[in-house]
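Colleague: As a plain string of letters, each chain reads:
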Amino acid sequence: MATKLTQSNRAGWLFALPGFGLIAMFIILPFFFAFWLSLTNQRLISPNPTEFVGLQNYQEMLSLAVVTLEPERDDAGEIIRDENGAAEYPRVRSITRSDDYPQYDGMREWFRWQSGDDARVVIASDVVFWKALTNTLLFVLVVAPTQAAFALGLALLINQRLRGINVFRAIYFMPVVVSIVVVSLLWRFIYDGQDGLLNAVLGFLSFGLFEGHDWLGDPDTALGSIMAMSIWQAVGFHMVIWLAGLQTISPTLYEAAAIEGSSKWQTFRYVTWPGLRNTAVLILIVITMQSFALFAQIDVMTNGGPLDSTQTMVFQAVERGYGKQDISGGSTISVILFLLVLTISLIQRYLTRER
Amino acid sequence: MNRLTAGALVAYAATAGAAMAQTEVTMWYHGAGNEVESNILNGIVEDFNAAQSDWTVVVESFPQQSYNDSVVAAALAGNLPCILDVDGPIMPNWAWSGYMQPLNIDESLIEDFLPGTLGMWDGELYSVGLWDAAVALYARESTLEELDLRRPTLEEPWTGEEFMAALEAAKASGNYDYALDLGMNDQGEWYPYAFLPFLWSHGGSLVDRESYTTAEGALNGEAGLEFGEWWASLFEEGYAPGTSEDPADQQTGFIDGSFAFQWNGNWRAVATMEEVDDVIFLPAPDFGAGNYIGGGSWQFGISESCPTPEGANAFIEHALQDEYLAAFSDGIGLIPSTPSAAQMTENYAEGGPLAVFFDLSDEQAQLRPVTPGYVVQSKVFTKALADIANGADPADTLDAAVDEIDSDIEANQGYGHE
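Residue numbers (our numbering), protein chains in the order written: chain A, 2 to 356; chain B, 318 to 735.
This is chain A alone, in the form it adopts within the complex:
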């Protein structure tokens, strides 16, 4: 293989050249740029010279610490409790803004848990980054399997010889060809807390029992709302890929299965699914990568809010690089995101390898 790839294959290399060239110029080269910039203090526009700062950007972004807060006690040593019986703790800012603890300077609470009477607080120097990271991972974890499953379901539905099936194919595919910015704007109206379509429909279906909910304004539902909308928007695209996979499966296999008297489920399990193996790998990797790149929906619908519940890695990279003119900070996020996606893709490849 290796010899054939490198020798006597001039035409092959020639054909690959435009693709390789573009990938090198717009993906590989910028990545090395980003990696270099993340080691400097490069600003977007600034008269100050750029300086090499080593791993300082990574350190500022990633540093975490756990502090233990002991509950406040009165003179008798009893724990002071509020009316609900919850112990009262000193404020985190009494530690992070105190001269006694210079190592925690500039850090802020990310989350806390209870351990006996004490509270353990995870503090981070860049809470927004950590929230963006966890939101992005959560988004990928939910969207990748759900979207793939829905797309497969739709593909199975429309892979039938029925009259007018093309109408359905077109309808399911339509959201894909509409710009994501337009789709996001429309869904903002749908999710509107005052008189949005979703609230109206839910109110109608529940005979007025449903009072209306501010979907994007509530930190608990904002990310979920964006997930639902994102799944709906791109499901058609993956449906078409599944459909292509379905149509490569030879009809003779189905005929043989029918003769053997296989049930519908058995046909799917032992004929269709094995035949879709390569398609499944492709779809999983593509959705994973697309989900990590979540940006436009956030930019149009929530700006990362409310309370950072919809911050994502790419949104933060753009916000820092362009909005706050901190190119080195934006690059640092990009590099971390790249390594993350690369690792996950390699793991996926390994798990789904041909055995």
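Hints in this document: simulated from the structure, not taken from any laboratory.
Hints are supplied without guarantee of correctness; some may be wrong.
What the hints assert, rightly or not - Simulated coverage check for chain A against chain B, where a stretch passes if three residues somewhere in it have a Cβ under 8 Å from a Cβ of chain B:
1. 43–49
2. 90–98
3. 101–114
4. 192–199
5. 214–222
Unchecked claim - Just a sample of chain A residues kept apart from chain B, beta carbon distances all over 12 Å, derived:
6. Ala87
7. Asp118
8. Val177
9. Ile181
10. Gly225
Even glycine gets a Cβ: it sits at the ideal position worked out from N, Cα and C.
Assemble the complex: chain A is given as a structure, and chain B must be docked to it using the hints.
Modeller: Coordinates of chain B only, in the frame set by chain A:
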């Protein structure tokens, strides 16, 4: 060839010849999509191009939302136009970065200009505005009567308590969806522009205005925390709609009567007066440290890379005439930059419905922090206020904002402030 085409050819050659003699001066403007604004600007450009034979100004308009990004991207690519339209508080950043040059215009032209319309950085004039903007508390006279409220004046504005009592009265009346609309859906420059005055009025500040090297104690000091608690209460008590407010509802809410009061810019004043007969524009409440409004709006400046600064300066000098200032004011309700232009307008002439704002802008407008770091500080402040409105703890949020501002100033080696 018949005579008609020959005539057309001659005419064509003549216009082409005239155009050749004039050197092109490019200009970018932020008002794409606003027809009234574009028409006035195009009128100025046409007048200028016709009035002299050396220069011809060509305008390109951008939507306001993406305007600043476009300029920064163009600056990096070396494609800046000659004449730049720049938002007042952003100017120091561009000037510090070396993308703008000081103006070279006749000083007598700007003698009478409102202080907020002159963009000074490092002791030099970099930009000048044809107007200033002001923010006011929109209300109806009938609302004040119905709720039995004293009408605040410039000399005697509402105190913080009176203001909160007014909100409570509006809420208790049950006639309104919300007592106060703040325009929380517009998470852009509106936040610092509209809400910094509240912070100032509490005695706080976004950064230390003496040194510009830290926000510690200014934003999260006692006054800052008091402001933060007050800000949180507006949303906790349900006086004001939060960040997820529908933009359409926000636009029409006051006119429809869903809001008792609205904190809004006077660029909406003309449109509102057309719909609401008894609208009145009340001054900002005084929370103890004076009452302020934000100053400094969009201004004209010249890029460093401009090959023909003479032409650009000539255009800006031309645009500073009173009749144009008055035209912009009549068109979109902004405050004309000079008293003489104010007399020529419908709203700001003596006895006009908005005349009071000319004085307010003259005396009480305060500029947002004049520092290159403002670009970042503005974003940090916006996020902090949105977070507090959504229920974040005011003290922790303001602390985090201070940390971010301070580390940004440090990363930029103090932004040139000594």
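Colleague: Work down the list of hints and note, for each, if the structure agrees.
Modeller: Now the hints, each set against the structure:
no.	hint	result
1	43–49	holds (count 6)
2	90–98	holds (count 5)
3	101–114	holds (count 3)
4	192–199	holds (count 4)
5	214–222	holds (count 4)
6	Ala87	holds, 16 Å
7	Asp118	holds, 22 Å
8	Val177	holds, 25 Å
9	Ile181	holds, 17 Å
10	Gly225	holds, 15 Å
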